[in-house]
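Trainee: Per this note's numbering, residue 6 is the first one in the sequence shown, and the count goes up by one each step.
Some hints here could point you the wrong way.
[What the hints assert, rightly or not] Listed next, the in silico PhoX-like pairs over lysine-lysine satisfying Cα-Cα at most 25 Å (straight line):
no., residue 1, residue 2
1, K199, K128
2, K128, K69
3, K154, K199
4, K74, K128
5, K231, K242
No lab work stands behind these hints: they were computed from the structure.
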Amino acid sequence: MHATLPLLEVSDFPPIVRRRLDTLQVNLGYRCNQSCVHCHVNAGPSRTEMMDAVTLNLIPEVLKARHIKTLDLTGGAPELHERFRDLVETATDLGVRVIDRCNLTILFEPGQDDLAAFLARHKVEVVASLPCYSLENVDQQRGKGVFDKSIAALRRLNALGYGQQGSGLVLNLVYNPQGASLPPDQAALQNDYKRELDEHFGIVFNELYVLANMPIQRFGSMLISKGEFHNYMALLKDNHLSANLDNVMCRSALSVDWRGFLSDCDFNQQLGLSLGGMTRPHLRDLLTHDVDGVGISVADHCFGCTAGQGSSCGGALKEKQQ
Numbered sequence: 006m007h008a009t010l011p012l013l014e015v016s017d018f019p020p021i022v023r024r025r026l027d028t029l030q031v032n033l034g035y036r037c038n039q040s041c042v043h044c045h046v047n048a049g050p051s052r053t054e055m056m057d058a059v060t061l062n063l064i065p066e067v068l069k070a071r072h073i074k075t076l077d078l079t080g081g082a083p084e085l086h087e088r089f090r091d092l093v094e095t096a097t098d099l100g101v102r103v104i105d106r107c108n109l110t111i112l113f114e115p116g117q118d119d120l121a122a123f124l125a126r127h128k129v130e131v132v133a134s135l136p137c138y139s140l141e142n143v144d145q146q147r148g149k150g151v152f153d154k155s156i157a158a159l160r161r162l163n164a165l166g167y168g169q170q171g172s173g174l175v176l177n178l179v180y181n182p183q184g185a186s187l188p189p190d191q192a193a194l195q196n197d198y199k200r201e202l203d204e205h206f207g208i209v210f211n212e213l214y215v216l217a218n219m220p221i222q223r224f225g226s227m228l229i230s231k232g233e234f235h236n237y238m239a240l241l242k243d244n245h246l247s248a249n250l251d252n253v254m255c256r257s258a259l260s261v262d263w264r265g266f267l268s269d270c271d272f273n274q275q276l277g278l279s280l281g282g283m284t285r286p287h288l289r290d291l292l293t294h295d296v297d298g299v300g301i302s303v304a305d306h307c308f309g310c311t312a313g314q315g316s317s318c319g320g321a322l323k324e325k326q327q
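With these hints in hand, go ahead and build the complete structure from the sequences.
Mentor: This is how it looks when you write it as structure tokens:
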């Protein structure tokens, strides 16, 4: 796989600093039941990296010490970690909002038959990947048969109350473009998703997040192989909007890798860029130190979060500014 960091390090991205920390985004490991083309962590069934018990046990302690409001669990497929459910239960008992970044098909993996019911019981917010509402596009990006399983998973979640008005069970979907292009307008695409999924499958959900593909890891390597890397970076830079800088997720969130090391965001984590340029800060450091006001490590991939309507793990930024 082609290395992308050497192409991103020399950057004119504007300097930004942290505000108050309110979200801890934790990568529990890279093992996944899928291998998606756009995956920026290069996850897949053959990956073995998983967070150990000592590191995982630090998470609730940090949530309490820093008064963190949101725990955002990601992977790979975070649900494949053997302590995933223990962590969810502990965090929700602390009154912390828990987000599960779910690929949907995980609900049909061995041993996961009761996963949807578990998530509903603990009122876990589900952020589910569904790159399109058509079978052809989803299977092209994520593998044959993924679309049908995803629809079945969404129906299972809907049956438990997810996405239903007044249920308190939040179901948000995530869209990624197929290739080297910016995502379309989030509001317009959300209307399309809601209409198509309701009319054809009877599926409802709360919000759609549109995310730009990051020119790193598997997707970045593919761009280099196709000779499209520099054109894609030019597209991101040409569409940079300074107004989006105020709402990027790294201002109030921290990313924790499977070993417990800290980065400013999930993308920096994959590039090996430590929090604020520090020397390998760790989750345990948050027990005694806060990071408010620390400078954020930036490189050219950051333009992926500020191009056009902007995007972060919570979707487009443009609407949030109005």
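Trainee: Given the hint that K199 pairs with K128, does the C-alpha gap stay at or below 25 Å?
Mentor: Holds, at about 22 Å.
Trainee: If you draw a straight line from the CA of K74 to the CA of K128, is it 25 Å or shorter?
Mentor: holds, 15 Å
Trainee: Would you check the hint for K231 and K242, treating anything up to 25 Å between C-alpha atoms as holding?
Mentor: Roughly 20 Å between the alpha carbons, so the hint for K231 and K242 holds.
Trainee: Taken at face value, is the distance from the CA of K69 to the CA of K128 at most 25 Å?
Mentor: holds, 20 Å
Trainee: Hinted pair, alpha-carbon criterion (25 Å max): K154, K199. Please report holds or violated.
Mentor: holds, 18 Å
Of the numbered hints given earlier, the model fails none.
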